[in-house]
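Peer 1: So the sequences go chain by chain: A and B.
First residue of the first sequence? That's 1 in the working numbering, and the numbers climb one at a time after it.
First residue of the second sequence? That's 1 in the working numbering, and the numbers climb one at a time after it.
Just so you know, these hints were derived from the structure itself, not from any lab.
Values in this document were obtained by computation on a predicted structure and should not be read as measured data.
Cβ atoms here follow ideal geometry from the backbone N, Cα and C, with glycine treated the same way.
Keep in mind that the hints are not guaranteed to be accurate.
Unchecked claim - Listed below are the simulated EDC-like cross-link pairs for lysine to aspartate or glutamate, each with C-alpha atoms no more than 20 Å apart in a straight line:
1. B:LYS135 to A:GLU355
2. A:LYS343 to A:ASP437
3. A:LYS193 to B:ASP100
4. A:LYS193 to A:GLU244
5. A:LYS387 to A:ASP437
6. A:LYS154 to A:GLU56
7. B:LYS135 to A:ASP421
8. A:LYS343 to B:GLU253
9. B:LYS171 to A:GLU496
10. A:LYS193 to A:ASP245
11. A:LYS343 to A:GLU383
12. A:LYS95 to A:GLU496
13. A:LYS154 to A:ASP371
14. A:LYS193 to B:GLU253
15. A:LYS387 to A:ASP421
16. A:LYS387 to A:GLU56
17. A:LYS466 to A:GLU496
18. A:LYS193 to B:GLU214
19. B:LYS135 to A:GLU441
20. A:LYS343 to A:GLU355
21. A:LYS242 to A:ASP159
22. A:LYS193 to A:ASP286
23. B:LYS171 to A:GLU504
24. A:LYS343 to B:ASP213
25. B:LYS57 to B:GLU214
26. A:LYS387 to A:ASP159
27. A:LYS289 to A:ASP190
28. B:LYS135 to A:GLU383
29. B:LYS135 to B:GLU214
Stated by the list, open to error - Which residues of chain B face chain A? A few of them, derived with a C-beta cut under 8 Å, are:
30. LYS135
31. ALA159
32. GLY160
33. LYS227
34. ALA294
35. TRP321
36. LEU344
Stated by the list, open to error - A few chain B positions that, by computed beta-carbon distances, are all more than 12 Å from chain A:
37. ARG93
38. PHE96
39. GLU97
40. GLY143
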Amino acid sequence: MSVTRREFLVAGAGAVVAAGSGCGPVKEGAVEARRWLGKPTVPPLVGALTPPSATELDEVSHVLNRLTFGARPGDHARVSAMGVEAFIEEQLAPKKLEDGMCERVIRHEFDSLADPEGALWPRKGEASDPLQVLFPAMKDKGARVGNLYEYKDKVLLDDLTRATVLRAVLSERQLYEVMVQFWTDHFNIDPSKAEAKWLKAADDRDVIRAHALGNFREMLRASAVSPAMLWYLDGRANRRVKPEDKPNENYARELLELHTLGVHGGYTQQDVMEVARCLTGWTVRDKKKFFKGRVEFRAWEHDNEAKRVLGVEIPAGLGARDLDRVLEIVVAHPSTAKHVAEKLCRRFIADDPPEAAVAVTAAAFERSGGDVPTTLRALFATEEFWKPEGRGGKFKRPFHFVVSALRATNAETDATKPLVDYLVRLGHAPFRYATPDGYPEAASHWQSSLLWRWNFASALAGNGIKGTRVEGEELRARLGGDEGLMATVLGRRAREAERGAYHESGSGLALMLASPAFQYS
Amino acid sequence: MAAPQAVISGNGDERRQLVVIFLRGAADGLALVPPVTDDHYYRARPRLGIAAKDAVKLDERFGLHPKLRLLEAAWREGELAIVHACGTEDQTRSHFEAQDLMEHGGIVAGGWLGRYLQTRPAAARGALACVAVGKALPECLLGAPTVTVMQSLEEFAIAGRTPAFGTQLEKLYAMQRGQLGAAARDTFAALVRIEAMRTTTYRPDNGATYGRDEFSNGLSQLARLIKADVGLEAASIDLPGWDSHFAQQGQVEGLAGRLAEGLAAFRKDLGTRMATTTVVVMTEFGRTVEENSAFGTDHGRGSAMFVLGGGVLGGRIHGEWRGLAPEGLERRGVLEGYGDLPVLNNYRNVLAPVLARQGAGFGAVEMASVFPAFEVKPMGIFG
């Protein structure tokens, strides 16, 4: 079946190239065809690639550092021309951004994933489960999820990992990808646990990617009933059949501690237990059953008596609606706005987030009912975000470092194992963090693996990573020589010591990527 | 047996090694060291309780999980001590908060092991004084004067095409102040030290056989470093995956087996070097006394700690124990139900004598800097 789909795609490509060739030079048509045939690809080095010319990080380099996974050659010139405010607005509205190349690569490479809109996903009614044909009323999201079980679990994890890297490298919707990573950590799921192996792919699509620049409340609701989350934090086993059954507290605790209020957000052990009671009965059908992966509420396993959560009474008899009451209560709690704002400020401003910026961001979150773009717009407007002393002061986490190196060098990559192995070594491969708190943000966690960063820089610049290629000479020439290359990588003109090391090292590009300055954003 | 070989550190005292093993996810102390003669135990765990006939008998009250059988020798030979009902005074049942609190040594910046290493004289702080096996720096080592994070010695080399790449890099990083500069300097120093060892294949001594899992592999790398006298003072290694909310029997068996196999091989491999080595096994908190509806256990309070090594008053369970009768348990909230195993023995009081044994000149002032705002009452774990 996958062959057919792939053949269809390749055959369809001809038509698109033919149609496209009328409005562009023949050469671009050829590049287009190459992409469709599935070769790893990069945007062509065309247009003005003017490198940054300031001696310190200017506003343009700063927003590129913080809102993206690193500037590509030419990004500085493009953002300078449009202005940083326009760039921020553009990034806050990702759907309006044309992202054809990235989408085509993802579609071509991955049968299993596709984009959130799901053009390649079986839509309602397309599921292969025979019962769904007999019972049309059962056609729902469970069906789409169920199809994931047709893949080998290793294939899905590989695909998810590769797609995550490729999107971070290639997508024009950079802030969206940054936020996808942010929420992936916030709602972390380690797919190595049980059936999350198959179901994390659906979580990535239906929870994280569907809401990354949307509304927090909706994302939280989606996460609470995400089949992968029900497996990962044992929600599926949280039930009360007999009065003496104890609820499983795992999800309830992380919901309060990590997803909403934060560890000092003002809840008690009693609240955890009460939330767990509210959520009894929600479960997911396992792979031995029909409609596997389907989330359902079993009233007979629900504790339907009255509860009290964070001081709010939840009357008896609400059944499945307990879940919505709980989410309303926790989202409206002021600690949630503060907790999310603090994490956002830590990601975008500094490891030790300035209180004033946190307050402004939290207020925007509360006012907008958890609207993520509104919240981020407020954060990006704070004085603290722009402070010149703060620029270049965030230590890149390894994923950011690796992707920014690929982007800065316009590297072509298929994001297969040889590349991903570097991320594993650096302790930051996507979807491999065991505990629900997600990969940490602060620099102190990441500074002891410098050797592997240096070795990655050296291997990348020396074309020593199979499936990844850098045209170093072409890049240097297109950027106007050594100075342009250094400035493009660093986001500012090189300092005297950097220039000296660049020339003495025998591998200038590798040295720039390994240099102290490039470890920061 | 030959007399233990004394290794003199830069400070002139005998060099000792401390290896800290963290069982992440809250290991079930009541499965690892079950109170096999306590009826309350089997009442609370009708399906999960470890039967006395299956357990390795330790004393009149306790057994050892059958998958920990490989540790029986150390127990019988008096090199393994256990403290039960052990943990942190904090009531948190959050993994992350409890791990942080325990690894920091309370609500305090930096890690307890990091601060301990800070109290050591400068001469004892070699580039390889401290090794964290794994991919990331554990919280207990935050603030250490030097830490090398690594998974295997074999891979510890700089991969530049020319030596000039390393030289120029070293020059640039030498100008870095703060954490990054220190981290880079440590890396360069460690590279030089390990270069020599990297070129030979490792054969464990005394016929020790390590398991093929990551944990055993990590312990074998540590044994190698210890025997090579590269100046190792402290090391950390994790064995994660203990969060057994659901169908815990198989999960605990697998992990306990790996723990015992790794530790037994490490002990055998080090041989007489165990006289100057202490291994501490700890976890953030224990699990509910009562099993849950899913054949698992939820977050509780007290768990067990293991101390293995030379000079240990082994073959006995140290510290206070009150049994599992409901009136001796800690209430979980206002709801009805079983309580938790209380923390009767603070983890710091176990670590304190370990540290006191490690470093010459480690006195009250040093102790207070490692465990501030806590009145340490060291337990009598060493003879």
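Peer 1: Compare the structure with the hints numbered earlier in the document and write down the numbers of the violated ones, lowest to highest.
Peer 2: Per hint list: 1, 3, 4, 5, 6, 8, 10, 12, 13, 15, 17, 21, 24, 25, 26, 27, 28, 33, 35, 36, 37, 38, 39, 40 violated.
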